[in-house]
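J.: Residue strings, one per chain:
Protein chains: 2
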Amino acid sequence: MRVEDLDTPVLTVDLDALEENLDRYQDYYTQHGIGLRPHIKTHKTLAIAHMQMRRGAIGLTCQKLGEAEVMAWGGLGQDLLVPYNILGKQKLDRLVALATQARITVAADSDVTVAGLAAAVKGAGVTVGVIVDVDLGGGRTGVQSPQEAVALGRRIHDAEGLELRGIMAFPTPPAVRGGIQATLAALDKAGLPHPIVSGGSTKSALQAHEIPELTEYRAGEYPVGGAGHLREGRHTVAQCALRVVATVVSRPNDGRAILDCGSKTLSASLVQFDDGPCAGYIVEYPEARLHGFSEEHGHVDVSRCARKPHIGERVQVLPVHPCPCVNEHNELVAIRRGNVEAVWPIYARGKIR
Amino acid sequence: MRVEDLDTPVLTVDLDALEENLDRYQDYYTQHGIGLRPHIKTHKTLAIAHMQMRRGAIGLTCQKLGEAEVMAWGGLGQDLLVPYNILGKQKLDRLVALATQARITVAADSDVTVAGLAAAVKGAGVTVGVIVDVDLGGGRTGVQSPQEAVALGRRIHDAEGLELRGIMAFPTPPAVRGGIQATLAALDKAGLPHPIVSGGSTKSALQAHEIPELTEYRAGEYPVGGAGHLREGRHTVAQCALRVVATVVSRPNDGRAILDCGSKTLSASLVQFDDGPCAGYIVEYPEARLHGFSEEHGHVDVSRCARKPHIGERVQVLPVHPCPCVNEHNELVAIRRGNVEAVWPIYARGKIR
Numbered sequence: 253m254r255v256e257d258l259d260t261p262v263l264t265v266d267l268d269a270l271e272e273n274l275d276r277y278q279d280y281y282t283q284h285g286i287g288l289r290p291h292i293k294t295h296k297t298l299a300i301a302h303m304q305m306r307r308g309a310i311g312l313t314c315q316k317l318g319e320a321e322v323m324a325w326g327g328l329g330q331d332l333l334v335p336y337n338i339l340g341k342q343k344l345d346r347l348v349a350l351a352t353q354a355r356i357t358v359a360a361d362s363d364v365t366v367a368g369l370a371a372a373v374k375g376a377g378v379t380v381g382v383i384v385d386v387d388l389g390g391g392r393t394g395v396q397s398p399q400e401a402v403a404l405g406r407r408i409h410d411a412e413g414l415e416l417r418g419i420m421a422f423p424t425p426p427a428v429r430g431g432i433q434a435t436l437a438a439l440d441k442a443g444l445p446h447p448i449v450s451g452g453s454t455k456s457a458l459q460a461h462e463i464p465e466l467t468e469y470r471a472g473e474y475p476v477g478g479a480g481h482l483r484e485g486r487h488t489v490a491q492c493a494l495r496v497v498a499t500v501v502s503r504p505n506d507g508r509a510i511l512d513c514g515s516k517t518l519s520a521s522l523v524q525f526d527d528g529p530c531a532g533y534i535v536e537y538p539e540a541r542l543h544g545f546s547e548e549h550g551h552v553d554v555s556r557c558a559r560k561p562h563i564g565e566r567v568q569v570l571p572v573h574p575c576p577c578v579n580e581h582n583e584l585v586a587i588r589r590g591n592v593e594a595v596w597p598i599y600a601r602g603k604i605r
Numbered sequence: 253m254r255v256e257d258l259d260t261p262v263l264t265v266d267l268d269a270l271e272e273n274l275d276r277y278q279d280y281y282t283q284h285g286i287g288l289r290p291h292i293k294t295h296k297t298l299a300i301a302h303m304q305m306r307r308g309a310i311g312l313t314c315q316k317l318g319e320a321e322v323m324a325w326g327g328l329g330q331d332l333l334v335p336y337n338i339l340g341k342q343k344l345d346r347l348v349a350l351a352t353q354a355r356i357t358v359a360a361d362s363d364v365t366v367a368g369l370a371a372a373v374k375g376a377g378v379t380v381g382v383i384v385d386v387d388l389g390g391g392r393t394g395v396q397s398p399q400e401a402v403a404l405g406r407r408i409h410d411a412e413g414l415e416l417r418g419i420m421a422f423p424t425p426p427a428v429r430g431g432i433q434a435t436l437a438a439l440d441k442a443g444l445p446h447p448i449v450s451g452g453s454t455k456s457a458l459q460a461h462e463i464p465e466l467t468e469y470r471a472g473e474y475p476v477g478g479a480g481h482l483r484e485g486r487h488t489v490a491q492c493a494l495r496v497v498a499t500v501v502s503r504p505n506d507g508r509a510i511l512d513c514g515s516k517t518l519s520a521s522l523v524q525f526d527d528g529p530c531a532g533y534i535v536e537y538p539e540a541r542l543h544g545f546s547e548e549h550g551h552v553d554v555s556r557c558a559r560k561p562h563i564g565e566r567v568q569v570l571p572v573h574p575c576p577c578v579n580e581h582n583e584l585v586a587i588r589r590g591n592v593e594a595v596w597p598i599y600a601r602g603k604i605r
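For the record, the sequence lines run as chains Y and P.
According to this note's numbering, the first sequence is numbered sequentially starting from 253.
According to this note's numbering, the second sequence is numbered sequentially starting from 253.
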């Protein structure tokens, strides 16, 4: 079957591009002696996670427990990191169960989280690793100072069934090195172990070596790229493996084309670039601007295109943010040189708990 | 089971609020003699569609063929409108099959679409209704003038197996009345029938009577409201039936709270209000600002809250755009006065084709 035989809109991944990205990034981390722990939130797909592990990844990152459960039953539970505060009886029960199936590390940034983890594992006969989430300017979760990191690290270290495994931060551009060093120095002074020093974000993934303290790195989008990575020069068009194949369903006037993919296909991600809002990049029409969407329509300004698309024509759209885009879909169609090689279920889709 | 027993994040609908909205809007349309044709893209759920039909809806609107197929097998194929250009052999084959199961009307705004429809139904022994999509300033799909509407209407009218059923526009605030009148006058002059004159959008749903030419109205969000409708006074907090129950998972500092719902729970919809970006409204903390998200984190500024949420506390979030929010979820939990009355599968989720 050819890609042209697929009805649209359809989520596809180009296997040549995917494999090249996987090799390139794995080579970088191998070369620099940093563990690559791919973030499966981007693709949520067992097949790609297996490809990542086979290339030398040290384990996987999952943002929610439900994603980790899928990876575990999918044969990928060797070493899972869930960089998230796990709270509440239902999730803690699931975490203890998962720890019997997989090696698991979670993150914590509060006494409340650590107390819950400690109570859940007590007497359960399992070990759960914990890393301290440190806020180095990302402005999301994380303790706010080396002193807080030490205090929380000690609680983890002292809790039966929990194992202090180090620290994490998000994101980790080179500029945060000082914060990492300060945190590690404080932990060292307190005699607390930190075998894991985990950085993250594809944006600075190839600068990880500029923070030699990092032992491992969480990157999600590197296998597939996207319109943002293209714009910022991290991926070429050819390296942007994730593509929504869409059809032009309307050409109301000379300057406007409407695609059959909107926010329920691409996700509602709309990025403000210098030249206006962008919902994706159209491979066949680089001058076109996919500047907005309705739920099932992509709104394209084609006024700057010399040749203009006709109704019924198919185009490939690089989503502006691959992760939520993938999460709209049940299946990912793997393509090589135009041939459909596989249809992969996106089993971790919708695993928000 | 109580709502407090559900793990978070979880998508819920308050049944008292839902039913009140359904009654209120149906009463309005009944009173004004306009047919209400609810748009199921918002809830994608058979149970709610049945509630809408039982209250007197004349039929349902589905934005994609796949949604219409779900409604047909769900016992709701009495009168389905798909206001979309259906193109390509695969969808046309499905449309013909669906027309044996349901009364179906689609929209068209080009000769290409009409030619495809005509070829598909020819000799198939089915009738497909077609309405002309008219662009009255919405800037999406639709013919650009009454003259184009007449030309396309005539092609539909003359095609064997197609039945010209009128016109549609989106959106249809009172200001577009002149455009509708001009289009209808042109059709009348050409002797073309227009039993359906279809308006749409919840924003102007209760102004439909200001365009007396409308025979029916497509509204999607009215059953559930949302943060945008709340802000603009169309729904009160109590009338906003769709609520994501979330847990505070981190309180990194005094001004920041992080929820366990991000763009994969609420959708990536971020609306720019006067006072900044908004991803949702937190019922228990009206002064809080849910100003952004990561995929699994909601980023909340609680600096203006007198009382501040603690880690582990649960809150209800009104999404800023209910339709893509629902599309992130597999199930919708129906709640009445805190009791779980049903768990509804969102069968039309992900039906992008």
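Keep in mind the hints are simulated off the structure, nothing from the lab.
For clarity, every value in this text was computed on a predicted model and none was experimentally measured.
Keep in mind that the hints are not guaranteed to be accurate.
To be verified - Listed next, the in silico DMTMM-like pairs over lysine to aspartate or glutamate satisfying Cα-Cα at most 20 Å (straight line):
| no. | chain 1 | residue 1 | chain 2 | residue 2 |
| --- | --- | --- | --- | --- |
| 1 | P | K341 | Y | D257 |
| 2 | P | K560 | Y | D363 |
| 3 | Y | K341 | P | E256 |
| 4 | Y | K341 | Y | D363 |
J.: Taking the hints in turn, state whether each one holds.
T.: Against the structure, the hints:
1. About 10 Å separates the Cα atoms of K341/P and D257/Y, which keeps this hinted pair within 20 Å; it holds.
2. Proposed proximity of K560/P and D363/Y is supported: the alpha carbons are some 17 Å apart, at most 20 Å.
3. For the proposed pair K341/Y and E256/P, the alpha carbon gap of about 12 Å is at most 20 Å, so the pair holds.
4. About 16 Å separates the Cα atoms of K341/Y and D363/Y, which keeps this hinted pair within 20 Å; it holds.
Of the numbered hints stated above, none is contradicted by the structure.
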